[in-house]
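Hey, can you work out the whole structure from these sequences and the hints?
Residue numbers (my numbering), protein chains in the order written: chain A, 1 to 50; chain B, 1 to 177.
There's no promise every hint is true.
As the list claims (entries may be wrong) - Simulated restraints, written as ranges between beta carbons of each label pair:
#  : chain 1 : residue 1 : chain 2 : residue 2 : range
1  : B       : M131      : A       : L39       : 10 to 20 Å
2  : B       : R11       : A       : K19       : 21 to 31 Å
3  : A       : L42       : B       : A128      : 27 to 37 Å
4  : A       : K44       : B       : R11       : 42 to 52 Å
5  : B       : H39       : A       : L28       : 33 to 43 Å
6  : A       : W17       : B       : S99       : 26 to 36 Å
7  : A       : K21       : B       : A105      : 41 to 51 Å
8  : B       : G121      : A       : K44       : 23 to 33 Å
9  : B       : R11       : A       : L39       : 33 to 43 Å
10 : A       : K44       : B       : R134      : 27 to 37 Å
11 : B       : K147      : A       : C10       : 18 to 28 Å
12 : A       : E20       : B       : I148      : 16 to 26 Å
13 : B       : A8        : A       : T36       : 39 to 49 Å
None of these hints come from the bench; they were simulated from the model.
Cβ coordinates follow ideal geometry from the N, Cα and C atoms, glycine included.
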Amino acid sequence: MFLPFLGSLCLALMVMWGKEKLMVWMWLIVLVILMTSFLHHLTKPLSFNF
Amino acid sequence: MMKSSLYATERLGHNLNVAGLLGICLTLLIAFFYQLVLHDLPCPLCLLQRAGLIMVGLAFMMNIRFGEKGQYYAIALLGAIGTGCIATRQVLLHIVPGSGSYGSALFGLHFYTWALLCSVGLILYVAAMLMQYRHRTEDAGEVGVSKIAGLSMLLFAVLIAANLGFIFLQCGFGECG
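Below, the structure is given as structure tokens:
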């Protein structure tokens, strides 16, 4: 859960800094980390206490 | 297309991206209000939905800072679809009668329902922005970053940092829940 937010903060600071190179690829890496966290959540046993 | 017309189109795109970024900042601020003032701690799926909205905000931010590009609109759509998937999962978990709900409600709808509506709204919004988008040519002239755009980017970065801090306090470095 920590990593997607850390990655987002790094991306936001890099955008503000004006670093455009490979930005889309880094964004995609952070999205993959986020969706991996989601898939990990999907594999948990179903319960109604989230 | 006339140069002045192209400039007006780019300015409109810039303003729409600033409006989108401010909308996402407002969403994160409302979530913070419920978290800090009403002591409504976010669940793991709620945090993932916030991260998804932040991903869309980053795409708007790139359009503002570096100028509009089709790639940035594409990643905005990807972020909105990802957020929609996460929100749909949580809506489906609570859709069965008797399965209860999580957290407070705003105007009668829970936050995961709002997240789903927001992601659908964002997809439509980005589609509308793509309709006015024209590929930038070299002689189109510079479209500078306005003061409100700079402030909205700063606010967005501060909100991401604040989220990171609270997530560390709530979950540490690992998975929540």
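How the hints compare with the structure:
no., hint, result
1, M131/B x L39/A: 10 to 20 Å, "violated (33 Å)"
2, R11/B x K19/A: 21 to 31 Å, "holds (24 Å)"
3, L42/A x A128/B: 27 to 37 Å, "holds (32 Å)"
4, K44/A x R11/B: 42 to 52 Å, "holds (47 Å)"
5, H39/B x L28/A: 33 to 43 Å, "holds (36 Å)"
6, W17/A x S99/B: 26 to 36 Å, "violated (46 Å)"
7, K21/A x A105/B: 41 to 51 Å, "holds (44 Å)"
8, G121/B x K44/A: 23 to 33 Å, "holds (29 Å)"
9, R11/B x L39/A: 33 to 43 Å, "holds (41 Å)"
10, K44/A x R134/B: 27 to 37 Å, "violated (46 Å)"
11, K147/B x C10/A: 18 to 28 Å, "holds (25 Å)"
12, E20/A x I148/B: 16 to 26 Å, "holds (22 Å)"
13, A8/B x T36/A: 39 to 49 Å, "holds (42 Å)"
The structure does not agree with the numbered hints 1, 6 and 10 stated previously, though it agrees with the rest.
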